[in-house]
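S.K.: Spelled out, the chains give:
Number of protein chains: 2
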Amino acid sequence: MMNNLTPLEPKADKATVRRHNLSLVLRAVHDAGEATRAGVATHVGLTRAAVSSLVEQLLEYGVVSEWGKTSSGQAGRPGTVLKVSRSGPAGLGVEINIDYIAVCVVDLAGTDRVRLVEHVDNRGVEPSEVLACAARLAARAIGSAADQELEPAGVHVALPGLVTGGTVRQAPNLGWRRVAVEGLFAQALLALRPDHRPLPVSSDNEANAAALAELWFGAGTEGVRSFLYLTGEIGVGGALVLGGELLRGAHGFAGEIGHTVVDPEGPRCRCGAHGCLEQYAGQAALLTAAGIDADAGARGVAELERRARQGDPSALSAVERAGRQLGVVLSGAVNLFDPEAVMLGGVYRELMDWLAPAVDRELARRVVSGLWSEDGKRLRAASPLGDAARGAAGAIVREVLADPTAYAERDAG
Amino acid sequence: MMNNLTPLEPKADKATVRRHNLSLVLRAVHDAGEATRAGVATHVGLTRAAVSSLVEQLLEYGVVSEWGKTSSGQAGRPGTVLKVSRSGPAGLGVEINIDYIAVCVVDLAGTDRVRLVEHVDNRGVEPSEVLACAARLAARAIGSAADQELEPAGVHVALPGLVTGGTVRQAPNLGWRRVAVEGLFAQALLALRPDHRPLPVSSDNEANAAALAELWFGAGTEGVRSFLYLTGEIGVGGALVLGGELLRGAHGFAGEIGHTVVDPEGPRCRCGAHGCLEQYAGQAALLTAAGIDADAGARGVAELERRARQGDPSALSAVERAGRQLGVVLSGAVNLFDPEAVMLGGVYRELMDWLAPAVDRELARRVVSGLWSEDGKRLRAASPLGDAARGAAGAIVREVLADPTAYAERDAG
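Order-wise, the sequence lines are chains U and Z. Take any residue in the first sequence, note its place counting from 1, add 491, and you have its number in my numbering. Take any residue in the second sequence, note its place counting from 1, add 491, and you have its number in my numbering.
Hint data in this document are derived by calculation from the structure and do not stem from the laboratory. Among the clues, some could well be false.
Remember, identical chains collapse to one label, so a pair may be satisfied in a single copy or spanning two.
Unchecked claim - Straight line, CA to CA, 25 Å or less: simulated SDA-like cross-link-like pairs of lysine to any residue:
#  : residue 1 : residue 2
1  : Lys560    : Ser874
2  : Lys868    : Arg669
3  : Lys505    : Leu537
4  : Lys505    : Gly553
5  : Lys574    : Glu557
6  : Lys505    : Asp784
7  : Lys868    : His742
8  : Lys505    : Gly536
9  : Lys560    : Ser808
10 : Lys868    : Glu557
11 : Lys868    : Gly524
12 : Lys574    : Thr538
13 : Lys505    : Thr538
14 : Lys505    : Glu756
15 : Lys560    : Gln548
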């Protein structure tokens, strides 16, 4: 407020106002699921005539469709039902992780329409090779989307590392340093589809994308606008959502909870430091502690879950120990940020039944406000819908919703 | 952006627009230090006539004063110089800490006009007694302010505890639980000044107030809009400023970095948990480790500084050890939050020369982006102007700047 030096009623030019209002109407239809022109007008505070003109434009852009009449419209007259289009523009998300690549196409309504996952070990593989593999998967997804009359408006690539300005600064578990991921991926995709217009490529950290998926699509965050998201994979990723916005930090590197120090003299972490949380509660540490091959990947996690379910003592104690460490580190983060909820994703979601009691116990003990236990169920499993590929696809969808004109102009160009 | 469902050009009513624009003009004058009507008009994007009318009102409110003519005005004509008033409304800040109470009156320009500090041991003393003592000090400050033709527009009380909704939920080092601090303080002040209009009382956590003082008045944060603030007192307080805004958290309890776990099995902390940072790097731990009486307060800290300056090995190793622990905890916070800078206040400021190398070393080692050492001097001593009493007074000043009409109406009422 103090820094807002704009007088009220700025004289924005007409094109800017129209562009803004097109997004306003589109988002109103999107958020309502279905709506009439009259309903939208009431909701957004514009005249019926203005809304009708905006809706015509959105129909032309192909981002809104008409779906017959309502049975009982406002003011006695039935209205035409509007929904966001189930065909046309979509988001394409690509998640490159340590032991898999996932690709997802999401339509404007937020529905998952294509999903492909390939289990591969990306450790020590050349970045260009990994990105070529991801591009192949993406090209297949674009094909499947076309069969459903969907056309990605862009690709968003999520990776487990520090991502900024189109570049992976470092991704310790992949072994990447300074990789121009957007350029290389665009190149690889273009090589596979030489006759197609190049798709805009953007990128982000994988935990950020997963946290946004949780915010946009997850059931666990219903009504929750500020939460800490923790995802257990080979690395331990994190993200903070504050008032419905992802906290990015001064350099875009916020959320790296996996490198919180558990023991300054502890085992060396891939990041170069010693005793990071990842070395105590990452997937490899969990599997090793339970006597399962640390490199067994998804099979190993399934085996750990099976053993925990059967009450195997070494599996239970491995999970409990990781839970304790997670709880200690999370208590520090909760004391610092005071979020409404903590969401656990990745392998932690699968192990929630055995992990949560230990995590919760440390939080109840160590969160200073004493509010942790008072305040209802604040430790939650992330939604299975809240994965990074879906969040990445969602980021493209949000772009179209935020400025449908930019999408239409690019599509026409 | 996605959640902004307001169409552009809202038809705000005239009174609201005028109220908003009065603040706009007042803040423009405040931020510039001095300005002409023409200069303000250019800066805020309103017409010269509109600004003149707004300035008349601000002169009437007594929040702006005229200071003669500029030698060379815009458009060839000399303009009248405007400044915020050096008399009239002011902010009154009260800091209640463990071993002292400080009171401060700040004028609209942000200048410290009255400052009183009383060294008292508040541990184990009844809250009503402590608040009565603080009210006596505040009443004296109000008297000194009146001698300078300043009248506090409100009182803001800062305390080392979890403060929300006018109540201290808990302040472990004071031994307070559920104290209605605003009501009790207002009562105590009214008892001392029965013939005066009651002042509005507000309250906040002490580290929050200090961090805001740093943001508003400190030199160390010049150009820095996102920082982590850590203050060493008997407790260790913290606050996060993000893009020029204090992060309050879901319940108002964000920033409690003093209760980050250093060792889960460590000594019991006053908060009830074990092994909190406060037990390793708080004032008492520092003094004890250096062989100085833990209860010696400010005298003890001065003695520790003197010994460190003389190269006393046990003083140096005590400070170095605390610095290491601070660095380990801060690296976790920096990894999570990715701030531009970390500011150390309280006793850490005094000990900066001997503390900073150890803190910096751990940060360079453990901040994952590798950006810590690359990115210039990110660990800084808080400004001596950045104390909690000043920040508390500043909060009142900001309120007047944000809505001078509310102040004038209350003053007239």
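S.K.: Now tell me, hint by hint, if it's right for this structure.
M.R.: So, going through the hints one by one against the coordinates:
1. Lys560 x Ser874: neither (35 Å within a copy, 66 Å between copies)
2. Lys868 x Arg669: between (41 Å within a copy, 24 Å between copies)
3. Lys505 x Leu537: both (15 Å within a copy, 20 Å between copies)
4. Lys505 x Gly553: This pair counts as within: shortest intra-copy Cα distance 22 Å, inter-copy 40 Å.
5. Lys574 x Glu557: Answer is within; shortest intra-copy Cα gap is 7 Å, inter-copy 59 Å.
6. Lys505 x Asp784: neither (63 Å within a copy, 71 Å between copies)
7. Lys868 x His742: Result: close only across copies, 15 Å inter versus 33 Å intra.
8. Lys505 x Gly536: Intra 17 Å, inter 19 Å, cutoff 25 Å: intra and inter.
9. Lys560 x Ser808: For Lys560 and Ser808, neither the intra-copy (59 Å) nor the inter-copy (79 Å) Cα distance is at most 25 Å.
10. Lys868 x Glu557: Classified as neither; 41 Å inside a copy, 58 Å across copies.
11. Lys868 x Gly524: Close neither inside one copy (29 Å) nor across copies (50 Å); limit 25 Å.
12. Lys574 x Thr538: within (19 Å within a copy, 44 Å between copies)
13. Lys505 x Thr538: Close inside one copy (16 Å) and across copies (21 Å); limit 25 Å.
14. Lys505 x Glu756: Result: close neither inside a copy nor across copies, 62 Å intra and 64 Å inter.
15. Lys560 x Gln548: Result: close within a single copy only, 20 Å intra versus 55 Å inter.
Checked against the numbered hints above, the structure violates hints 1, 6, 9, 10, 11 and 14; every other hint is satisfied.
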